[in-house]
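Chains as they are written, first to last, in the working numbering: chain A, 1 to 103; chain B, 1 to 552.
Calculated from the structure, these hints are not laboratory results. Treat the hints with care, as some may be off.
Going by beta-carbon spacing under 7 Å, a handful of chain A positions derived as facing chain B [unchecked claim]:
id: 1; residue: N20
id: 2; residue: V27
id: 3; residue: V64
id: 4; residue: V67
id: 5; residue: Y70
id: 6; residue: N86
id: 7; residue: R92
id: 8; residue: P96
id: 9; residue: T97
id: 10; residue: F98
id: 11; residue: L100
Backbone N, C-alpha and C define an ideal beta-carbon position, used for all residues, glycine too.
For reference, the chains in residue letters:
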Amino acid sequence: MTSPLQQKLKVHGPVVITANRLGDGAVVYWTAAGAWTTDIAAAAVATASARAKQLLAAATADFVHAVDPYVAPVELSPDRRVLPGNLREQIRVSGPTFSLPGA
Amino acid sequence: MYRYDEFDQQLIDERVAEFRDQVRRRLSGELTEDEFKLLRLLNGVYLQLHAYMLRIAIPYGTLSSEQLRMLAHVARRYDKNYGHFTTRQNIQFNWIKLEEIPDTIADLAGAHLHAMQTSGNSIRNITTDHWAGVAPDEIEDPRIWAEILRQWSTLHPEFTFLPRKFKIAITAAKHDRAAVKIHDIGLRLYRNGAGEVGFEVMVGGGLGRTPFVGKTIRPFLPKRDFLSYLEAILRVYNQFGRRDNIYKARIKILVHEIGAESFAKEVEAEWQSIKDGALALDPAVVEEIKSRFRYPVYESLVDEPAELKAALKAEPRFKAWFNNSVSRHKRPGYAIVTLSLKPAGAPPGDCTAEQMDAIADLADRYSGSEIRVGHDQNLVLPHVRQRDLAALWRALDAIGLATPNVGLVSDIIACPGLDYCALANARSIPVAQELTKRFRDLGLAADLGYLHINISGCINACGHHHVGDIGILGVEKNGEEYYQLSLGGRADEHAELGALLGPAMPYAEVADSVEDVVAAYLELRERPAELFAETVKRIGLEPFKERVYAAR
Ligand code: SF4
Chain A
1 MTSPLQQKLK VHGPVVITAN RLGDGAVVYW TAAGAWTTDI AAAAVATASA
51 RAKQLLAAAT ADFVHAVDPY VAPVELSPDR RVLPGNLREQ IRVSGPTFSL
101 PGA
Chain B
1 MYRYDEFDQQ LIDERVAEFR DQVRRRLSGE LTEDEFKLLR LLNGVYLQLH
51 AYMLRIAIPY GTLSSEQLRM LAHVARRYDK NYGHFTTRQN IQFNWIKLEE
101 IPDTIADLAG AHLHAMQTSG NSIRNITTDH WAGVAPDEIE DPRIWAEILR
151 QWSTLHPEFT FLPRKFKIAI TAAKHDRAAV KIHDIGLRLY RNGAGEVGFE
201 VMVGGGLGRT PFVGKTIRPF LPKRDFLSYL EAILRVYNQF GRRDNIYKAR
251 IKILVHEIGA ESFAKEVEAE WQSIKDGALA LDPAVVEEIK SRFRYPVYES
301 LVDEPAELKA ALKAEPRFKA WFNNSVSRHK RPGYAIVTLS LKPAGAPPGD
351 CTAEQMDAIA DLADRYSGSE IRVGHDQNLV LPHVRQRDLA ALWRALDAIG
401 LATPNVGLVS DIIACPGLDY CALANARSIP VAQELTKRFR DLGLAADLGY
451 LHINISGCIN ACGHHHVGDI GILGVEKNGE EYYQLSLGGR ADEHAELGAL
501 LGPAMPYAEV ADSVEDVVAA YLELRERPAE LFAETVKRIG LEPFKERVYA
551 AR
């Protein structure tokens, strides 16, 4: 999948704003309350470009807590839970797809 | 080993203090990410999918046991207990926290390790033959020249912000184990017809989006002119290399666009103005650097001692490992031992902290406290007494480092891919894991002979897929992982880029397709000794294409 860092902002379906936490690089999501969380379930979900742009602008303005925010696709489960929308985002949530050597 | 001087240590210590301050200013919000990014890239710090990554330089692939223990410490203290050896003789840690990087690099500095020249648009860590100084087919130790380049390039004011990153590799052996032809500058040290030793200078090699094999612009360069000529190349590149388009900024594009001949003329003109100046190399300076390389005090021994012969007779597993992973050494009675970091089912090039510590102990005991890192993502113990080989093998076997697959089909080179890398299209490591499982039959692997599979997760080609016998490139199709296969590449003195086999295939079909290619080779080779690359050259892609695509 083309790196989202290189994509234009087109929104088809639900999206969230995600980034890496500045201090430790952990994956974080922008919430409706205007803060970062490590829990994708707590992320603000946008379904239209205008809203996504608005969230992205707010998230980008906070450059002290997170790095390189971008718009990432999500899926909503039947019970409205927020799930990563592609393999890349899945890996960002759950880590590499194999067991780590030092574990 | 090379003994650094006080100046080097001071430089590293200053760099740690400087970066500590920069990290502090970033964390407090004094610096924006744009401002900070340039600084972190001068210090080997990348941001990956789920964490920062710290890449540490291992100049010319040489590590002391003390340094390897320090890497084990970093893995344990600051990361998840392992590190990943890369195709450029570096090591990277994948789970580093920015907040802890200043302490990490301060610890590393204590063992004279650092992360300079591992990122950014600089002259990167100079690479060379991982058998340097011990290979029977080399004419002198190429690390001396790599070290001269390191000193020249580390703080060179003109070359800190080049149009793009710049990679240099050196070999001094007949057989090129350093892949010099796929570097921005490749250097081959050899003796000419007149008996003088000098360099063949190649430029414009490289992989990535637009791959090229390097072209020779000077067939013979006397040692005296080594630095002035390289400076001239860098100046021409710095002046004419494109800064407007990141995809066209590497020197290979410049060489391709203006032609190797005109490029050589530009270099020549620049060189004439500086060749007799301060950069002309004084043999005394070369001697001084040479004297800083320490070799173990070799004993006078004979080849094939009785202990070795007896063990070979008694232990078939030892014999299989000996035949595969042990190579001839310059000195009689000694051997070069390769430690495969590619056991079946494991991520290529990964090494745990426990393994690092154990290897450091074994290096102390059996290899003059020295370890080498190869671009094939394996490690080497360069000075092992042949009489110790059986004991060493037993110790390696106990920690999973004696898989006898060096250079064989399961000795796969793979980049981190989508499991770690923010630029990736597709995963590399699970593809490698699956293939190492499919080819875990070492009898079959030995029958196949030298056959390298290289995997990259995107067109940046960190897994060198263009020069694998079988190259696998991750691409993207409608949001799914797809892979292109290419065949017939090689990175040695006969360097060649592989040719694309056909349309990309989904993840689930890659391992089957590679098995088909390998089965076709087994049937189609003229004789068992015909290498895979030779068969591809002789019969072309068509028979392989049929085999792979007819079934699907
Ligand atoms: S080849 Fe691409 S995916 Fe692999 S490490 Fe390099 S940039 Fe990342």
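Hint check results:
1. At a threshold of 7 Å, the smallest CB-CB gap from N20/A to chain B is about 6 Å, leaving the interface hint in force.
2. Annotation: V27/A was flagged as interfacial toward chain B, and the flag holds, the nearest CB pair being 5 Å apart, inside 7 Å.
3. Here the hint on V64/A is kept, as its CB sits about 4 Å from the closest CB of chain B, short of 7 Å.
4. With a least beta-carbon distance of about 5 Å to chain B, the hint placing V67/A at the interface is held under the 7 Å criterion.
5. Because the beta carbon of Y70/A sits about 10 Å from the nearest beta carbon in chain B, more than 7 Å, this interface hint is broken.
6. At its closest, the beta carbon of N86/A sits 6 Å from a beta carbon of chain B; the interface hint therefore holds under the 7 Å criterion.
7. For R92/A, the interface hint holds, since its Cβ comes within 7 Å of a Cβ in chain B; the closest pair sits about 5 Å apart.
8. A cut of 7 Å between beta carbons decides the hint on P96/A: the least distance to chain B is about 4 Å, and the hint holds.
9. Because the closest C-beta pair between T97/A and chain B is about 6 Å apart, less than 7 Å, the hint holds.
10. Annotation: interface hint on F98/A holds; nearest CB of chain B at approximately 6 Å, less than 7 Å.
11. The beta carbon of L100/A is positioned within 7 Å of a beta carbon in chain B (closest approach about 6 Å), and the interface hint is therefore held.
Of the numbered hints given earlier, the model fails hint 5 alone.
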